[in-house]
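Peer 1: With chain B fixed as given, assemble chain W onto it according to the hints.
Read off the chains here:
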Amino acid sequence: MSLHSWFIALGNSSLGHAMQTSKWDFALVEMLHLLALALLGGSVLVVDLRLLGVILKGESARLIGRDLSRMLIGSLIVMIVTGIALLSEEAGKCYFSPAFRWKMALLAAAVLFYFTVHRVALLRSDNGGPTLWSRTTALISLSLWLGVGVAGRAIGLL
Amino acid sequence: MPLLQHLCQLLNDSSFGTMIRESDYAYSVIESVHVLAITLVVGTIAVLDLRMLGLVLRPIAVTRVARAVFPLTWSGFAISFISGFLLFWAESAKMYTNPSFRMKLILLALVGLNPLIFHTTIYRRVHEWESQHVTPWRARTAAIASLTLWGGIVIAGRAIAYF
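Order-wise, the sequence lines are chains B and W.
Each residue of the first sequence is one higher than the last, beginning at 1 in our numbering.
Each residue of the second sequence is one higher than the last, beginning at 1001 in our numbering.
Hints were generated in silico from the structure; no laboratory data involved.
Any given hint could turn out to be false.
Beta-carbon label-pair distances, calculated as ranges [what the hints assert, rightly or not]:
1) 81/B to 1016/W: 37 to 45 Å
2) 1023/W to 116/B: 38 to 46 Å
3) 1134/W to 6/B: 43 to 51 Å
4) 6/B to 1124/W: 52 to 60 Å
5) 18/B to 1161/W: 18 to 26 Å
6) 1023/W to 3/B: 35 to 43 Å
Calculated from the model, a selection of chain W residues having no Cβ within reach of chain B, i.e. all distances over 12 Å [claimed, not checked]:
7) 1021
8) 1122
9) 1123
10) 1126
None of the values given here were measured: they were computed from a predicted structure.
Just so you know, even glycine gets a beta-carbon here, dropped at the ideal spot from N, CA and C.
Extracted from the complex, chain B is given alone in its bound form:
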């Protein structure tokens, strides 16, 4: 099955049907998506500002990264699940939307970066101050996550 037919199948599923016909079902899922977004945004920001050396300078970057990654991964799971439900409302249309494609590409990049380079930067920084390396990592991470949000907002506008 091609990727496009998966999108069509999602749109024709009972989930898609519920999202297309019930205004409040869609609204509820959208609210959960936004609530999780706030938690994800907060955890990304605090961790990256620590890497930049702006806040919590003396504290262990390893500890902050580990604790807030629970918050990040938890909210990311909620966002993906609710995101699939939101997608099912207009799956066939989203497949061709440049904003949606950008969002998915940036999301994949942000998640990949988070589990690799970003994790190493947190472990290396630990109690130390910011280095050129940790600063660059933080800026890339912030830009990628912000890009996911901006592209996501654009789906409804373009």
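Peer 2: Same frame as chain B, now just chain W:
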């Protein structure tokens, strides 16, 4: 027509309000900034609330986390307040009767009351408990109230468009 409704109508019909409402991009751009700023407010205050509940950053003192996040929370609040007022300006006649908008304002008033109570009571003796992994029950209650109210504000805010 009540005075407040009359004022909303004036604001709504003003040239600036009309400009935002009728522009192709202004409303959406302001709305995007508003959502981003709310993420900043709620996300950073949630980190402090979760610390007070003993769920994250336990080895770091509550006061230290508070000092780190407050500038972010307040900047986010200032941006969301200004952008929110511009959105209200453009749609003030509709907002006056919107039940969800009213709910959002009530929740905002309550969420302002929460730290007021918190700071004049248990936070006064914060130095006795700032390093405890799980904070006193009154601090935890304030944290749960804060998370609930901010969550309610996000939900009510999103629901405005559905009325």
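Peer 1: Look at each hint and say if it fits the structure.
Peer 2: We went through each hint and held it up to the structure:
1. 81/B to 1016/W: 37 to 45 Å: Holds, since residue 81/B and residue 1016/W (Cβ atoms, about 41 Å apart) stay within the stated range.
2. 1023/W to 116/B: 38 to 46 Å: holds, 42 Å
3. 1134/W to 6/B: 43 to 51 Å: Holds, at about 46 Å.
4. 6/B to 1124/W: 52 to 60 Å: holds, 58 Å
5. 18/B to 1161/W: 18 to 26 Å: Holds - the Cβ-Cβ distance for residue 18/B and residue 1161/W, about 19 Å, lies within 18 to 26 Å.
6. 1023/W to 3/B: 35 to 43 Å: holds, 37 Å
7. 1021: holds, 16 Å
8. 1122: holds, 23 Å
9. 1123: holds, 20 Å
10. 1126: holds, 18 Å
In summary, this structure violates none of the numbered hints.
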